[in-house]
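Starting from the structure of chain A, add chains B and C where the hints point.
Protein chains in written order, with the numbering used here: chain A, 1 to 347; chain B, 348 to 746; chain C, 747 to 1003.
Accuracy of the hints is not assured; some may be wrong.
Below, a list of computed lysine-lysine pairs in the DSS-like style, where the Cα atoms sit at most 30 Å apart [said to hold, decoys possible]:
(1) B/Lys-663 x B/Lys-733
(2) B/Lys-381 x B/Lys-550
(3) C/Lys-808 x A/Lys-145
(4) B/Lys-743 x B/Lys-454
(5) C/Lys-940 x B/Lys-454
(6) C/Lys-940 x B/Lys-456
(7) A/Lys-164 x C/Lys-1001
Please keep in mind that the hints were generated in silico from the structure rather than gathered at the bench.
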Amino acid sequence: MTNKIWAYIDQFKGEALPSSWETIGAGLALAESLGGGVTAVVMGENVGAIAEQAFQYGADEVLVADDATLGDYRAEAYTALLAKLAADSAPEVILFPTTSRGREVAGMAAVDLNTGVLVDVIALEIVDGAVIATRPVYAGKLLAKVQCNAKPQMVTLRGRAFAKPEADAARTGTPTEVAPALSEEEINVKVVDYATVSGGVSLTDAAVIVSGGRGVSNNPNLEPPGDLDEAGQEVWRAQQGFKLVGDLAEVLGAAVGASRAAVDAGYIPYVNQVGQTGKVVAPDLYVACGISGAIQHLAGMRTSKVIVAINKDPDAPIFKLARFGVVGDLFEILPPLAAAMKERLGQ
Amino acid sequence: MNFGLTEEHRMVQRMVRDFAQKEVAPVIQEYDRKQEMAPFILPRMGELGILGICIPEKYSGQGMDYISLGLACEELEAVDTTLRVVMSVHTGLCSMTLWQWGTEEQKEKILVPLARGEKIGAGAFTEPGAGSDFSNIQATAKRDGDDYILNGEKMWISLASKADYALVTVRTSGNTAKPSGGLTAFIVDLTTPGVTRGDIHGKLGVRAGSTGWINFQDARVPAENRIGEEGEGFKITMSAFDNGRYTVAAGATGLIRAAMEASVDYANERKAFGKPIAQHQLIQSKIAHMALNYEAAQLLYLKAGWMKNRGQRNTKETSAAKWFATEKSFEAANEAIQIHGAYGFSDEYNVERYLRNARGAVIYEGSNEIQQLIQASYALGERKDKPLRMEMPAYKEAN
Amino acid sequence: MNIVVCVKQVPDSAAQLTVDGGQISWGEAPLVINPWDEYAVEAALQKAGDLGGNVTVISMGKADETEALKHALAMGCNEAVLVSDPALAGSDNVAAARVLAAAIAKVEDVGLVFFGKQAIDSDTGTLPAQVARVLGWPALTLVSAIDELSAEGIKVERAIEEGRQVVTSSLPAVVSVIKDYGEPRYPSFMGIRKAARATIPVWALGELGIAAPAPVVAWPEIMAPPQREIATEIITGGSPAEITATLADKIMAEKVL
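Next comes chain A alone, as it looks inside the complex (with noise of 0.2 Å):
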């Protein structure tokens, strides 16, 4: 456990999250100044393929704690773990990818090991041998330097912000196993259910993302069955322009996502929202259907590589940070360019 750079590596339920990977390769990235490799640290239950992977994508050193108290994420167990096995190498970096338990893993090690976190991190650099940190504060308003005086020093990287290594299937290694540092006895948090979210991509973790605004449920066409009062009517128009938006996601790979005023009008439900009360995005492409650009709904993905907007209002906030736009109707517009896309995906 030489290396002075940790990846710490999320996983659910024995499946690294993806932005795990990025961890590794902004590691690899740091470790050509300050030295040395990368250490990957994994936690969990079942978690023999998630090291292997781990080796594949670049790291030279696997840390594994694979224990039935490991399986589901207790943040005392997890902490705990990590703040011995920090204590006992004094790592000068550990990595992060800014999930709720990367997040939160990284922040109470930092209290336990008496040193700080720099959160959600969007570009890294060495300055006289000193991690410089640049991140986004003020819903993206302000970009803010960072650094952490004390080592380790805990840094969580913004999904998508760092590239994903490509993982080479020859690269293995030995596993390093570790015991967790508390028996179940002592951890008093207990996980007793859970639901998952309907399936799709994950909009944090999505390259492409197509998004439904309150204009989704704008189309006097639309004859809804008579039984529903006007509520019930529009929530009803809103699924038939989800339905559009889902269509394209669908051919482009992509999540669905949705404005504030489509969440809080009931069209779709809140873990669908993007924006600065909602989740921050930053896919390679975002496709904005019926949004207006509220300055909440751009904090969550102005760093969007393209955006592509469609809006029947010429005047439309969203046009200014477009790359495209399409003054339209989005039921006019979805279907045929849904067919194109298919089209030239070759699907």
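Relative to the frame of chain A, chains B and C by itself:
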């Protein structure tokens, strides 16, 4: 002299602004187009205590001062005039009149549920044939044992079809020296047999509200519902307007602000001749007028509110505030449309609704022509306010 | 058992921010209660009955930063405390966690501490878990609902990336809530009157009995994000079929799929 708003006042502003912006603003255009009042407005304003904001805690009100009432009205009308109209009639004309002139029994029985928002109140003074010429109203009340029998029609009554009670002024005597001396005020339960009411549609503005008529056909109203004495109706009605008018002034101030903010937003975005139109001087002039008029209107109504807090007669100040704010709100809305260009002509933007709403306030609650006559009569020394038999008490903070 | 809720005062989200000599300025924009914290106050007020105690709202900030606390009082919290000391300027999250933990420890018989998910200025979202760690209490973050609560323990639903988790723990515990919890109530008018009149006690480091924790995270530079040169192209055409064909070609050319 302290021109600042207290922390309490700023919190009231924020609370009412949050309610109006979060819950009403997203749906108001829809209701305005449908010419319907959103069904949640009255219950919600009741629930949140806004309807009883300045009624003392003793009568289940919220115990806030009159400046808070004004600030609340400004925030409500910044979203839509219909919200403020509710305050004008339920709180200004009806509740506050009961509070000022009512007996203890009347306050317990009627003011309490009004303050709680459990019952809704309105003010019924105007008739098909009499508005500004209020002394000549024709609806009558004839004493019959322990009751009065009411006959006649009132028109252009906000919340006519929604209210439970109305403050109604009618003629009880045709034999007085002046016609105004024969009027008497009543608080009428609108479910009384003989009372019918209906809605008026096709108004230019205030379309998301409820305006209607109330018809009395041998409606039997108990004498215990009479407010004050026979013959005091004119004075009571005029003092009711001191409160209704105040809310109109405060609300119109909010409308100036809404027109200004919409104009500033649009002017910063829209480009013409190579730059945002906010950088063109003719546009700047329009916005400057709005800004100035907003400040002045606010100062006028806040002063009236301050005087109310001190228990000082404020007929002149309230009339001035109403005249100024409503006239300037119409101007501001008109210029806001101009700033928006063709978009101002479409209901996709709010400014055309502001104009249509503003036009009403210039007419009602004492037309601006009447307000001018009032101001002249004070300025010419022709009018001196005589103390009323029942004065609105100074604001006393609850313990 | 009593409840504590921690709130932060931040610039209004509509504020225009500028950087002046390394300092962030928000001009005349008001400071308000961090929007996420309103949900935390709402949760605390809803649950006070279950634990049969009072709700104390705590904020750490400058001596005159009482807006957030007053708003929480007006919503219905029973007590408010401002933790303020010049020595705390420049605190990082771990330092703030230690200070808040010390303040929470001073409140009697605390069963639950509520936080909002994150503060909209620093956007780190780690403080609730870090305070829990300093206190040695369980951290239940991203809570969308509290299913059960009594002195014996708590059962919550958490919204994580993959779905909903139901989790239990004993008390005392720290909880951070998300929007799904439920719309925060407006301050009542009577609450506003009481809050405006309240004098809020200030606890400096002396009252907390700790020395200023030394911050280790520094912000050497703050800058505006780089202006992105976006050449917006509005695609027109004679028919939706024509428009979408052009758009599809242009999307393919960007090589983002």
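Results of checking the hints against the structure:
1. B/Lys-663 x B/Lys-733: holds (13 Å)
2. B/Lys-381 x B/Lys-550: Answer holds: B/Lys-381 to B/Lys-550 is near 12 Å, not above 30 Å.
3. C/Lys-808 x A/Lys-145: holds (24 Å)
4. B/Lys-743 x B/Lys-454: holds (18 Å)
5. C/Lys-940 x B/Lys-454: holds (26 Å)
6. C/Lys-940 x B/Lys-456: Between C/Lys-940 and B/Lys-456 the Cα gap is close to 28 Å, so the pair holds against 30 Å.
7. A/Lys-164 x C/Lys-1001: holds (17 Å)
Checked against the numbered hints above, the structure violates none of them.
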